[in-house]
Each structure stands twice: as structure tokens, then as C-alpha cells.
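Construct the entire structure; sequences and hints are all you get.
Residue numbers (numbering that gives the first Met the number 0), protein chains in the order written: chain A, 0 to 337; chain B, 0 to 415.
If you're looking for bench data, these hints aren't it; they were derived computationally from the structure. No false leads were mixed into what you were given.
So, partial list: chain A residues that the calculated Cβ filter (under 10 angstroms) puts toward chain B:
# : residue
1 : Glu152
2 : Gly157
3 : Gly246
Cβ-Cβ distance ranges computed for the label pairs, FRET-style:
#  : chain 1 : residue 1 : chain 2 : residue 2 : range
4  : A       : Thr170    : B       : Lys80     : 29 to 37 angstroms
5  : B       : Asn232    : A       : Phe140    : 27 to 35 angstroms
6  : A       : Arg324    : B       : Ala148    : 53 to 61 angstroms
7  : A       : Thr170    : B       : Glu334    : 27 to 35 angstroms
8  : B       : Ala364    : A       : Gly294    : 35 to 43 angstroms
9  : B       : Ala148    : A       : His296    : 31 to 39 angstroms
10 : B       : Gln251    : A       : His296    : 21 to 29 angstroms
11 : B       : Glu334    : A       : Val31     : 52 to 60 angstroms
12 : A       : Gly259    : B       : Arg300    : 45 to 53 angstroms
13 : A       : Pro181    : B       : Glu348    : 42 to 50 angstroms
C-beta atoms are modelled at their ideal positions from N, C-alpha and C, and glycine is treated no differently.
Next come the chains, spelled out residue by residue.
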Amino acid sequence: MTQSAITEAPVAGPDVPVARRSPRLRWILLAVGLVAALALPWFVYPPVAMDIVAMALFAIALDILLGYTGLLSFGHAAFWGSSAYVTALIATHYGVPFPVAVLGGAVFAMILALPIGYVSVRRSGIYFAMVTLAFAQMVYFIGYQWSDLTGGENGLQGVPRSFFGIELVETESFYFYYAALPILLFGMWAAWRIVHSPFGRVLVSIRDNSQRARALGYEVEKYKVIAFVLSAGLTGLAGGVFAISHGFVALTELHWTTSGDVVLMTVLGGIGTLWGGAVGAFLTVMLADYLASSGFHGIDLVTGSVFVIVVLLFRRGVWGTVRHRWMVHRQRRLSSRR
Amino acid sequence: MMSKRIWAGASAMTVVLLLGACGGGGPGGSGGAFSGDKLVLAVLNDQSGVYKDASGPNSVKAVKMAVADYQKKYGDKAVVKKIEVTSTDHQNKPDIANTKASELYERGGADVILDVPTSSAALAVANQAKTHKKLFLDVSAATTALTGAQCNKYTFQWAYNTYLLATGTGTTVTQSGGKKWNIIFPDYEFGQNMTKSFTTAITKAGGTVQGTIPTPFPNENFATFLTKAGSTNPDVIGTMHAGGDLINLVKQFNESGLKEKGVELAVGLMVINDIHSLGVEQFAGTLFTDPWYWNMDAEARAWADRFLAETGNRPSFEHAGNYSAALQYLEAVQEAGTDDADAVVAKLEGKKVNDVFLRNGEIRAKDHSVVHDANLARVKKPADVKEPWDYEEIVTKIPAAKGFPPAEASGCSMKP
Chain A
0 MTQSAITEAP VAGPDVPVAR RSPRLRWILL AVGLVAALAL PWFVYPPVAM
50 DIVAMALFAI ALDILLGYTG LLSFGHAAFW GSSAYVTALI ATHYGVPFPV
100 AVLGGAVFAM ILALPIGYVS VRRSGIYFAM VTLAFAQMVY FIGYQWSDLT
150 GGENGLQGVP RSFFGIELVE TESFYFYYAA LPILLFGMWA AWRIVHSPFG
200 RVLVSIRDNS QRARALGYEV EKYKVIAFVL SAGLTGLAGG VFAISHGFVA
250 LTELHWTTSG DVVLMTVLGG IGTLWGGAVG AFLTVMLADY LASSGFHGID
300 LVTGSVFVIV VLLFRRGVWG TVRHRWMVHR QRRLSSRR
Chain B
0 MMSKRIWAGA SAMTVVLLLG ACGGGGPGGS GGAFSGDKLV LAVLNDQSGV
50 YKDASGPNSV KAVKMAVADY QKKYGDKAVV KKIEVTSTDH QNKPDIANTK
100 ASELYERGGA DVILDVPTSS AALAVANQAK THKKLFLDVS AATTALTGAQ
150 CNKYTFQWAY NTYLLATGTG TTVTQSGGKK WNIIFPDYEF GQNMTKSFTT
200 AITKAGGTVQ GTIPTPFPNE NFATFLTKAG STNPDVIGTM HAGGDLINLV
250 KQFNESGLKE KGVELAVGLM VINDIHSLGV EQFAGTLFTD PWYWNMDAEA
300 RAWADRFLAE TGNRPSFEHA GNYSAALQYL EAVQEAGTDD ADAVVAKLEG
350 KKVNDVFLRN GEIRAKDHSV VHDANLARVK KPADVKEPWD YEEIVTKIPA
400 AKGFPPAEAS GCSMKP
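Written out as C-alpha cells, the structure reads:
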């Protein structure tokens, strides 16, 4: 059984996680990931480190839809941005500790996702992408026009970072990172649980053959809507933390380019790999930060070129390619042993 | 067995890192009168967009001139030997300005941030200055909120504000017959604040504002907004745009046929580079407020000659303002003997200053507005232009007390 799964894995492409059949490797990888997340602000400027982890959860949340349900959402900025605004508004007006505000933002994103998802999942492929984009643009213009609430072009400024009166966390971004990290790690854990649950398996079956899934008695649309709402909720967690970290929310968070950026990160890391999103976020944010601090203005040009190269040469994405190579290697070793 | 050992190793590492994070991490303090044994002046402005010409890279050069002048003046007596000037692009976006300002203070070791056009971006930087307790001398942003509702101990507004522009231009144009106004404004802090200030000034002078029309910022096509503004037959269309947006709008206004119908265009904020890039004939006769003009007197002209040699351009008031802000900051540091923000603020507050830029200048302690004499200017006719950049004729001086709102009315409270 184990043998046949490994033999088949490379053919199945990036769908079956490598660590699945090898618990030891899974634990090592998880430990390495955790250590990397904990060590990040020691090597990277803390606010940038926070951006990386928030974007990582954003990309992972998108991957639930893109990689595991086969739905390319091009409107996730709506959930990222609206959660950022709601989080900031709660934090500004009620002065609650920031995790509470972030939770409020995530809940709002899920509520918003329900009608959008309900309408959108009736279409698939490019139509789904366009419908979600259209909804996201509507949310953008609401944010733009309702300037009494959102500040319009000026954005929401001076969002407080309350945390039970612990001043170190409230003022130093280094300590704030460790206060906010658990929220994001929880989000990643939840994504992992969703994908590896029976529910997640159903999603994959819907992606691969929705007609057969329907024939087996699964309510395909309902599953899709639930996946959409869960993805939006996790996106909301990330967006909320991002807003608190910056102490500022601008219309950029709702803009369609944000939706594009996160798709880019997910594809760069590897679709359907979950953790690939984190790799993609790390590479994209670090690259942008490096280019910006070296005074280079054509950031989009470089990230765009990288995207094209990845799509043409490493279709599985960075993480997907690494995983694929590893599986081929293992397979060879096992067959030679045999 | 193997897995257990690795797992144990990994968890041990995690614990060590966690402990380290709780214990020794974070930014450390530094001794001495100067953090990092140097002074860092960070210019944060538009290096690539609509406000590039009015300020941009040449403001960085102006700040460098101030540093050179400071070093020349004090020589060995200078309290700090190593002075760096850095330049960062904020693309006129408040979120980028917010992130960059935080980075400059934390990672770049900046002691002061200078310039920052785009009012929404400037407000974001003011917030960061307050958080990090470091100085922010704003030159190119005009919103009165910087020295009003959102003022703070570490933020100063050096050159001008929307009140000055409105009192100068709005009042004068209304009194000379332009009673019915329609205002077109870019829909962000600057435009909104300008519209408010102009409406007040126009109403006070006996005029009426028929309508206010917001446009996106930045924007290319103003045709629909101009048509809408012209539809109520106003005497004056007031544009609150600046930089590249203003140039586009004026071009489109001149082509729209509104001029022939007798509609006058009043410009809320004009910088000499706008006249330079569009040509004097497009603006001839336009009245506007200029906080400083390079040819207004011998002292200004002497500095403008140096600036011309340095950059190949005559300076705008924003360039001169940056020079002045950097120079007065350095003087205050020299007096304080440290780059500690609180000590420098104490030296700046209430100081009366006269320099290349500031005439009858005072750094008001109450609201951190730097008030000074400004000018009401008229754009020359092409025939009257005698040399390159000779575009303005000073109509009258606007004394500091009249051009700036009284400190009591600012609504500023320095308490955190």
C-alpha cells in the first residue's frame, strides 16, 4: 500500500503531500517551519517579518480554494481589506486588545464571503475569477466612497496596538511579532486541518471531478461555499494582523492588485502544496523589500519576470518542485533497494 | 529513534530561541549624545510621480547644501562630524509613507524626516514621528491638520498651509470680482482641506461657492469634471490640484473653451516648476500665493544662483523650504549638543528666525506652525520675461500675522 502510493505520487503531481506517508519527515519539516517562523525577526526587520507571515497565511488561505478546490479567486483582497478596515475600526473605537479586533475582522470577512461565495461558486474557471473580481471591485468602491468611515484616499491612520497594557508589545514591533505570531500560526494550523480532514478530501474530489463527487451524493455547491467562507476567514485573520502591524489601513488593501499579488505568491510557492504559499510570500516580500531598500523602482517588473519564469520552467512552483524532486529521489532509492 | 532525536533537537532549539526572544532581543539603546555617532537627515518625498519637479530629488540637494553650509559655518566646532542625507520615495501613497517613515526611524537611524509632500502621507508620517518620538519637519504638505487636530510634539510645518493659500488667492480673486466659484479638488486630505479653507475665505470675502467637485488622485483626464464645473456658469473655477495634476488640468481647461465664455481659472497651489513646464503663456496674468520666490530679493537670489549651479534649475519655494528646515534643524542640534529629539524640539520652539527662506519667521511653540511673510504673485506675460525662470511679479507681501491662522484657533493640543 505504502509502496504503491509512493510509486504513484509523482504521477499524481503536487496533490499528495510527501510527508503524508512519512510522519518523520512531516514532523521535521513542521519543526523547521516553526523554528524559521520564530527566528525570522532576528534576521529580518521585524515589520517586514510580520508582513511575510501575514502574507503567508493569506497565500495559504487562497490555496485552500485554488489548490484544493480548484477555484481561482481573484477577489480575495475584498476579505483581506475589509477585515483590515474592520479590525482597525474596532481597535480605534473600542480600544480592545488587538487579537479581539483581529477576530472581529475575520468574522466580518466570513460574513461578507457568504453571499459572495454563494453567488460565485455557481460558476467555475475564468467566470468564477471574474465574478469574484467584480465583487472585490464593488467592495473597493464602497471603501473609496464611504470616506467618513474608511478615510477614503487618506486611509485609516494611527490604529492603536492595544495588548493588555504590555507596553513592549504595543510599541516595539519586535515583541509585537511574537504576540501576533500565534494568531497566524493558528490560522495555518486550521488551514492544514481543513485540507487534511475528510472535508478536505471531498474538496479535492470536487476539484478533480465535480460530477462524480455529485454522483456520490456530495452537495458540491455547499462544499464550495463552505471552503470559500473558511478561506475568507483565514484571509481575514491575516489582513487584521497586517492592519494592526502597520497601524494603518489604506485602499491598497482592497485594490485588485492585492488579489493579484497573493495569487502570484501562491503560484510562485506551488499550487496545492499549502506551505508553498509561505515560501512564495517569503520570496515575494523579501524581494520587494530588498529592491525597495536598494532604491530600485521597477519592483513589479522583477516580480512579474520571476512569475513568468516560474510558470514556464517550474510549473509546480518553488515548494512543489522541491517536493517533486524529493519524491523522485525517494522513489529511486526505494526501487533500488527493492 | 532517529526521529525522536531530531524532534528533541528541534524542540530544544525552539525553546532556546523563544527564551532568547523574551530575554535579550529587541533594539538596544546607545550611549553618547548622538545615536550611532552620526546625524541622519532623511528626505521622504515623491521621487517619481506628480510632485517630483516641485520638490523631489532637488530637495535632497537643497538639504545637502544646508549640511555643507552648517559644516562650513562651524567647522571643528560642529557638535557632530558625520552627517548623512538619505532619500526615499513615498510615491505619494499614505500607506507607503507610513511604512517608510517607520523604517527610516527604526532601521535607517533617521533623526529627522524632511519634506513629505501629499498631505495624507504627511499625516501618516506625523503619526510615526509621534510613535517613535523623532522629529518630522514637513515642508511640502499643506493640510492645516498637521498643526491642528493632528498636531504633535515632534511635527513641525515649515513652509505653508492651505489657510495661507486661501487667504492669499481666494480672498484676492473674490474681491477683484470673481464672486461665483466652483471648486474642483483631488479627493484626498490636501484637496479636502484646501476646499474647506477656500470656501471659508471666499465666503468671508463676499463670494459664494456653488459646488465642489472631487476628482481621483492622481488623475489624467479632467474633461468631465471641467464640463460639470462650467455647467453652472460660475465666474471662477478654482482648482485645488497641484503638480502634474495641475498641469494636466490647466491644459485641458485652456482647450475646453471655458476661457472664451469668460470663466476664469484660479489656481489654489502653484509652484514655479508648474509654470516652467507648461510655459508662461498658459498662465499669464494668473494670481496666486507663493510662500517664497527666488527673485524676491537679493538674499533669495544669491541662494537661487547657488542652487542653479548645483541643479540646473531655479528653486521652488519647497526647495528653499527644505534648505531652511534642514539648516534650522542643524542649528538647533548645535545648540542642544545632541540629537535627542526632546532637546532639539525645546531649542526650536518659539525661535524667531530669518534665513534665505523665512522672513520674519517664527517657529510657534503652541502649534508648531512656522509662520513667515509670504507673497501674492502674478504670472508675467511672455513679453515681460527677461531671463529664464523669470515668471513672477510680486503683487504684495502677505505678512505672517495675516497669512497664518492665529495659534489659538488651530485646535492643536500637544498633549499625547
